[in-house]
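Q: So in UniProt numbering, spot 79 of the sequence shown is number 79, and the numbers just go up one at a time.
No wet-lab data here; the hints were simulated from the structure.
Remember, it's a predicted structure, so these values are computed and weren't measured experimentally.
Hints may be right or wrong, so weigh each one.
Stated by the list, open to error - Computed list of lysine-lysine pairs in DSBU-like fashion (alpha-carbon distance at most 35 Å, straight line): (1) Lys52 / Lys206; (2) Lys52 / Lys304; (3) Lys49 / Lys91; (4) Lys304 / Lys114; (5) Lys87 / Lys206; (6) Lys52 / Lys219; (7) Lys114 / Lys91; (8) Lys94 / Lys206; (9) Lys250 / Lys91; (10) Lys206 / Lys290; (11) Lys304 / Lys290; (12) Lys87 / Lys52; (13) Lys114 / Lys219; (14) Lys206 / Lys219; (15) Lys49 / Lys290; (16) Lys210 / Lys290; (17) Lys304 / Lys250; (18) Lys52 / Lys290; (19) Lys210 / Lys250; (20) Lys49 / Lys250.
Stated by the list, open to error - Okay, the calculated beta carbon distance ranges per label pair: (21) Ser188 / Ala119: 16 to 24 Å; (22) Val245 / Pro105: 14 to 22 Å; (23) Asn204 / Leu160: 54 to 62 Å; (24) Ser278 / Thr248: 43 to 51 Å; (25) Tyr64 / Lys91: 17 to 25 Å; (26) Val348 / Ile238: 28 to 36 Å; (27) Ser300 / Glu237: 20 to 28 Å; (28) Gly293 / Thr248: 46 to 54 Å; (29) Ile241 / Thr80: 54 to 62 Å; (30) Asp301 / Arg352: 21 to 29 Å; (31) Gly183 / Leu130: 50 to 58 Å; (32) Thr248 / Val74: 30 to 38 Å; (33) Ser240 / Asn337: 43 to 51 Å.
Glycine is no exception: its CB is placed at the ideal position from the N, C-alpha and C atoms.
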Amino acid sequence: MDRKKRSSVIRYIVLFVVFAIAAVALYLIFSAEKSVEYDTPVSPVEIVKPQKRTIEEGIAVTGYIEPDAMIPVVPFVSGTVDEYCIKAGDKVEKGDVIARIDSRPYELQKAQAKAQVDALEASFARVSALRDAGGASQQDYDTLSAQLDAARSQLELAELQLSYATVTAPVSGSVIQAPSAVGSVGSSEMPLAVIADLDNLIVNLKLGEKYYHQIIENKDNLQIRISSPDGYESEAEIVSIAPFVDPTSKTFLVRVHLLSPDGFIPGMFVRANVIWQSAEYLTLPLAVRKLDGSAYAISSDGTKAEYIEIETIAEDDDFFAIDDEYAGRDFIIRGQNGLLPGEEVRIVGEER
1 MDRKKRSSVI
11 RYIVLFVVFA
21 IAAVALYLIF
31 SAEKSVEYDT
41 PVSPVEIVKP
51 QKRTIEEGIA
61 VTGYIEPDAM
71 IPVVPFVSGT
81 VDEYCIKAGD
91 KVEKGDVIAR
101 IDSRPYELQK
111 AQAKAQVDAL
121 EASFARVSAL
131 RDAGGASQQD
141 YDTLSAQLDA
151 ARSQLELAEL
161 QLSYATVTAP
171 VSGSVIQAPS
181 AVGSVGSSEM
191 PLAVIADLDN
201 LIVNLKLGEK
211 YYHQIIENKD
221 NLQIRISSPD
231 GYESEAEIVS
241 IAPFVDPTSK
251 TFLVRVHLLS
261 PDGFIPGMFV
271 RANVIWQSAE
281 YLTLPLAVRK
291 LDGSAYAISS
301 DGTKAEYIEI
311 ETIAEDDDFF
321 AIDDEYAGRD
331 FIIRGQNGLL
341 PGEEVRIVGE
351 ER
């Protein structure tokens, strides 16, 4: 019996030792494995320092070059065009012949009126002599005098109509349309030409209604620059400002005159910069600013992104103005999207 008890105790001891050895082995195996640690990557960024620049506050709009005035040359008499002396692009002076209309009907009218005047003048001379001699009444004299005046007026009208058969330029300028030709019929319903002064060009600018008071209040100090896609530029001055806003388009019209029209032609598409204020500010490129108006600067220790809510003082197409308190700070211009406030960054470049 004692032997059985001892055998049982020995088995338990052996099992305990086996389990203990297994437990120690497992502990040693798991404790020998090294934990894997992951380092948070540092975001690379590029920086820029604020610089002093001139910011021009205004608005950019587009428009088309137009002549200040386009003068249609309309004949005052009708008839067949016998001569057509111009073509599009010609320069003409006031009084130059544009066309000649068949004058024969008007020459006949003049001859008829002249014959009537001659006959009445002869009759009037006889009646006048008879009246002086008492052979004609004052009434006959007055009637013939009135008829003679009417005939002379008819002669003047016939001469005027005959002169209208020669169509001349009413102003100096360039022919921008020449739609007629020899053999066509000239009439007051269709101009024989359109003349414009290409040295006197304007642009009609349509500005949003929110700028109306800004333009009115600063109209004497506005700077207006006109530029074409092919590089021509000109300063412009205001000719007129519409006194009302179009209720349909919510715009108002500003008419400006080009001071240096060389290189500009009617119909050309142009861009107009209307500037009402210009001053020097501490500035940053627009690329620094996020969509919500904020920006990231580099922390004082140079390792972290510092979130800053910036109040924009003024801006143009490329830069925005900031307070002078940010002078000397480094702002992130590339790599800021996706950053979190306080996140570690690594500076890899600086924009000059």
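Q: Next step is simple, just say for each hint if it's right about the structure.
A: Tested hints:
1. Lys52 / Lys206: holds (33 Å)
2. Lys52 / Lys304: Cα-Cα ~26 Å, so holds.
3. Lys49 / Lys91: Judged against 35 Å, a Cα distance of about 56 Å means the pair is violated.
4. Lys304 / Lys114: Between Lys304 and Lys114 the Cα gap is close to 104 Å, so the pair fails against 35 Å, i.e. violated.
5. Lys87 / Lys206: holds (34 Å)
6. Lys52 / Lys219: holds (27 Å)
7. Lys114 / Lys91: Violated, at roughly 38 Å.
8. Lys94 / Lys206: Given pair Lys94, Lys206 holds - Cα atoms ~34 Å apart, limit 35 Å.
9. Lys250 / Lys91: violated (40 Å)
10. Lys206 / Lys290: holds (31 Å)
11. Lys304 / Lys290: holds (18 Å)
12. Lys87 / Lys52: violated (55 Å)
13. Lys114 / Lys219: Violated, because 61 Å separates the two Cα atoms, which is more than 35 Å.
14. Lys206 / Lys219: holds (15 Å)
15. Lys49 / Lys290: At roughly 16 Å apart (the allowed maximum being 35 Å), Lys290 and Lys49 satisfy the hint.
16. Lys210 / Lys290: Roughly 25 Å separates the two Cα atoms, so the pair holds.
17. Lys304 / Lys250: Status violated; Cα separation ~47 Å.
18. Lys52 / Lys290: holds (21 Å)
19. Lys210 / Lys250: With Cα atoms ~9 Å apart, Lys210 and Lys250 stay inside 35 Å; holds.
20. Lys49 / Lys250: violated (41 Å)
21. Ser188 / Ala119: 16 to 24 Å: violated (33 Å)
22. Val245 / Pro105: 14 to 22 Å: violated (53 Å)
23. Asn204 / Leu160: 54 to 62 Å: Violated, at about 38 Å.
24. Ser278 / Thr248: 43 to 51 Å: Roughly 33 Å apart at Cβ, these two residues miss the hinted range, so it is violated.
25. Tyr64 / Lys91: 17 to 25 Å: holds (23 Å)
26. Val348 / Ile238: 28 to 36 Å: violated (50 Å)
27. Ser300 / Glu237: 20 to 28 Å: At 51 Å between Cβs, range violated.
28. Gly293 / Thr248: 46 to 54 Å: violated (33 Å)
29. Ile241 / Thr80: 54 to 62 Å: 47 Å Cβ-Cβ, so the 54 to 62 Å window is violated.
30. Asp301 / Arg352: 21 to 29 Å: holds (23 Å)
31. Gly183 / Leu130: 50 to 58 Å: holds (54 Å)
32. Thr248 / Val74: 30 to 38 Å: holds (33 Å)
33. Ser240 / Asn337: 43 to 51 Å: The hinted range 43 to 51 Å holds for Ser240 and Asn337, with Cβ atoms some 47 Å apart.
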